Amino acid sequence: DTAVSQTPKYLVTQMGNDKSIKCEQNLGHDTMYWYKQDSKKFLKIMFSYNNKELIINETVPNRFSPKSPDKAHLNLHINSLELGDSAVYFCASSQGPRITYEQYFGPGTRLTVT
Amino acid sequence: GENVEQHPSTLSVQEGDSAVIKCTYSDSASNYFPWYKQELGKRPQLIIDIRSNVGEKKDQRIAVTLNKTAKHFSLHITETQPEDSAVYFCAASPSGNTPLVFGKGTRLSVIA
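Here the protein sequences come in this chain order: A and B.
Sequential numbering of the first sequence, starting at 1, is according to this note's numbering.
Sequential numbering of the second sequence, starting at 1001, is according to this note's numbering.
Treat the hints as calculated values from the structure; they're not laboratory data.
Some clues are possibly wrong.
[Unchecked claim] Pair by pair, the computed Cβ-Cβ distance ranges are:
(1) Leu83/A to Thr1078/B: 39 to 47 Å
(2) Met15/A to Gly1016/B: 25 to 33 Å
(3) Ala1070/B to Ile55/A: 25 to 33 Å
(4) Lys1042/B to Ser65/A: 34 to 42 Å
[What the hints assert, rightly or not] These stretches of chain A come out as covered by chain B in the derived footprint (C-beta under 8 Å, 3 or more residues):
(5) 37–47
(6) 52–60
(7) 89–102
(8) 105–111
These figures come from a predicted structure and were not determined experimentally.
Here a beta-carbon is modelled for each residue, glycine too, at the ideal position from N, C-alpha and C.
Turn these sequences into a full structure, and let the hints guide you.
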């Protein structure tokens, strides 16, 4: 009965490769997010989708492409991986797009680019 | 855009003592201020939040205060316990769909 799940938990890959991270929530929430947490623990939003529609797109290289096939899933595809992409990526969901709704985070995906 | 500064970056307290973490924000339009706790290797979880129409909010050993004039808000943990050891993040946002901006986190260590 995991609320927000992500796969894989760990991802080790080489520079230049393309990889995807999957996220699913079973809370019935309308809004989902991707956050990046760097080695210094700084947590920064990347994208937000509400009912499959992109509503927040922060300054992120266009090598990162989110996709939401339905409101319970938000996947993140990364092309041409670079060393600086190494981080923990957290998916989150909330009841709606209003920022006052609690955000429920997934367990994170630790991406290491070598 | 919003900028959130958080201090201190690390904090060690003896078990039973109080801990205070402070944040300042830049956007006077911000009116929602949550605090998230992230234990080692775990996901961030909301522990308390406050809105701009309230000056203080308490939940058992945790309290948050907000000073809108000075644009700062603080997390207070009383009677700290070892399980309070974690990284704590403050965040701020204007209402609506504007994304949360997080502080850089405070690593709290409670020494038994």
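Subject >> Violated hints, by number in ascending order, as checked against the structure >> reply: 2, 4
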